[in-house]
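Participant: With chain A's structure known, arrange chain B on it following the hints.
The primary structure of each chain is shown beneath.
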Amino acid sequence: MTVKFTEDHEWVKVEGDTAIVGITKFAAEQLGDVVFVELPEVGASFDKGGDMAVVESVKAASDVYAPISGEILEANDALTDAPETVNSAPEGEGWFAKIKLSDSSELDSLMDEAAYKAFCDGQ
Amino acid sequence: MTDTLTLAKTPLHGLHTKLGAKMVEFAGYDMPIQFEGVKAEHLWTREHCGLFDVSHMGPCFLTLAGGPRNDPQAHIEIAKLIETLVPGDIQGLKPGQARLTVLLNENGGILDDLIITRPYSADRQGLLYIVVNGAMKEQDWALMRAKLSPHAELERLDNKILVAVQGPEAEAVLKPYFPEVSTLDFMEMRRMFRDDSECLVSRCGYTGEDGFELLLDEVEGVSFVAELLSDERVKPIGLGARDSLRLEAGLCLYGHDLDSCKTPVEANLTWLIQKNRRERADFPGAERILSQIENGPVIKRVGIQPLDRAPAREGTEIFAGDRKIGEITSGGFGPTVEAPVAMGYVEREFSKTGTELTLMVRGKPRAAKVAKLPFVPHNYKR
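In the order they appear, the protein sequences are chains A and B.
Sequential numbering from 1 applies to the first sequence in this note's numbering.
Sequential numbering from 1001 applies to the second sequence in this note's numbering.
Watch out, some of these pointers could steer you wrong.
[What the hints assert, rightly or not] A few chain B residues that face chain A, going by a derived Cβ cut-off under 10 Å, partial list only:
no.	residue
1	1039
2	1244
3	1246
4	1334
5	1338
[Stated by the list, open to error] Using 30 Å as the maximum straight-line C-alpha spacing, the simulated BS3-like pairs for lysine-lysine come out as follows:
no.	chain 1	residue 1	chain 2	residue 2
6	B	1080	B	1235
7	B	1364	A	100
8	B	1352	A	25
9	B	1022	B	1235
10	A	13	A	48
11	A	13	A	98
12	B	1352	B	1235
13	B	1352	B	1324
14	A	100	A	48
15	B	1352	B	1275
16	A	117	A	13
17	B	1369	B	1352
18	A	117	A	98
19	A	98	A	48
20	A	100	A	25
21	B	1094	B	1369
22	A	98	B	1275
23	B	1364	A	48
24	B	1022	A	25
25	B	1080	A	25
26	B	1160	B	1381
27	A	25	A	98
28	B	1381	A	25
29	B	1018	A	117
30	B	1369	A	117
31	B	1364	B	1324
32	B	1372	B	1352
[Said to hold, decoys possible] Ranges of calculated distance between the beta carbons of each label pair, as one might list FRET restraints:
no.	chain 1	residue 1	chain 2	residue 2	range
33	B	1356	A	1	21 to 31 Å
34	A	51	B	1317	12 to 22 Å
35	A	49	B	1014	57 to 67 Å
36	A	49	B	1337	30 to 40 Å
37	A	29	B	1279	51 to 61 Å
38	A	29	B	1014	41 to 51 Å
39	B	1276	A	77	52 to 62 Å
40	A	63	B	1028	20 to 30 Å
If you're looking for bench data, these hints aren't it; they were derived computationally from the structure.
Note that the coordinates shown come from a computational prediction; the quantities given were computed from them, not determined experimentally.
Backbone N, C-alpha and C define an ideal beta-carbon position, used for all residues, glycine too.
So that you can see chain A by itself, here it is in the shape it has in the complex:
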C-alpha cells in the first residue's frame, strides 16, 4: 500500500486499482472546525482535478478536488453526522471516498510523503 499526496493537500492511499482519498492534517488545520462535508455520489466519475466534494468550516466553503481520475465506489457517510472527524482524524476515519482508479499512471505525478512534507514546509 502506498500513500501519495497532492499540492491541494489531499492524500491517496492506493491498494491495487482502488484508492481511499481524504484531506491532509495540514489542510484540516488550515480549514479550522469542519461543520459540513458534501460527499460525492457513489457511481459518479471524476477527472483528476474535478470538484469531487466540498468541505465547510464556520468561515467558508472549500472545494475538494479529485486527486486522481476514477469512479466513486464508496463515500464516507459517517462524515454527514460527524463532520468534525475531518479535524480529529483527517488521515484516518475522516476519509472522504473510495475511488476505482481509471488511470493508475496518474499516481506517478503525485508526491510521496517526504516530498509532501517539504512542500508544506515551503508554504
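Facilitator: Chain B in isolation, oriented as in the chain A frame:
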C-alpha cells in the same frame, strides 16, 4: 493576492501578530481573522469575555462650528444637522445615550449603519460621538463634510484604539479599571479616565452579548489592552468569530445584508425610524420609506434556518417552489446554535416565520424555513 505593504495597521497590530493571529485584509487593514479558532473564540465570547480590535472602524466627533457649549440647545443644533442625513431621532437622545441609525441616500437606500452618541457632560453639548463602518468611513466622512460644513466640523479619531469587550464577564473584567461601567445600561456612554488618559466607554457591541466598546489613546491603550488580555477570563477574538456572533444575533453587516439599494424598511430596520421622524418626513428618501412603511416593502430581510447541516452562504438563491424569491446575504454555521444560520431577502409574502423555502446550495435543493431573529437571544443589560 493583496500586497500587505499597502495595508493599514491598527495600533494593536503588533499585539495580534505576537499572539499568533492569522491575518487577513479587511477594510484596507491587516486584521486578525482568528487566533485559536473561530468556533472556540465564538463560544468563549458567549460564555466568558472576548476582546475584539475594531480600530479599523471609523470613530469621529462631529462638532458645531465654534465648538461644544455648556448649553442643551447646542445638542439640538448639532442633532438637527445630522438628522438631515439619518432617519433616527437624534434630537431626542438623552445625555450619554447612543442610538443605532443609518445614513441614507436620496432614494432612501442605506449608505452605512452607524452609532451616534450624545455626550453626557453638560459642557460638551454640541458634539456627537459617531462610529461608522471601517469599509465605509471615507465615503461617510466625505458626505458629512460635504453636507454639513461649515456649520459643523468633523474630527476623525481613526488613529485611536477602538476595542470591543464582549460577553457575560465583560463588566466584571472592566470594573477594576472603570468602576462606573456598572452604572451604564445598554446603549449608554460615559467619558472615563484611567490615570490621566481619557477613554470613551459605551455599553454596546455587535455580538448580542452584554459588553462595552472603548475608545482608547493609541499609545497608552496598547499596554492597557495587553493587561486586559492577561486576565484569564479574556481572550482575543478575530473577525471570523465576530461574524458568526453577529449573524447568530441577527445583526446586519454592511455591504452584505445592507447596501445602497436597500431601505431600512426592506432591511427590517423600520424600528430605527422613530415616530417623530416619520411625522416630520424630513430625512432623505422619506417619501419612498414612508410609503413602504404604510404599504409594506416588496422584499424584506428575514432569518433563514437551513433544515439540514449544509450552510448556505451569501449569494445562495432562495426558491418557493420553482420560483426564485430571494437571496441569502449572510450565511454560515452558528457555533452556539450548533446549526447553519443565515439571513437574506425574500419577497414579502414569503417573510412570515415558519414559511418553507428551498435553498439552492451548489445546484442541490435544500429545505429551509423562515426563522425568527435573533437565533440566540440578546443578552443586553437594560
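Participant: Which hints, by number, does the structure contradict?
Facilitator: 3, 6, 8, 12, 21, 22, 25, 28, 30, 33, 35 and 38
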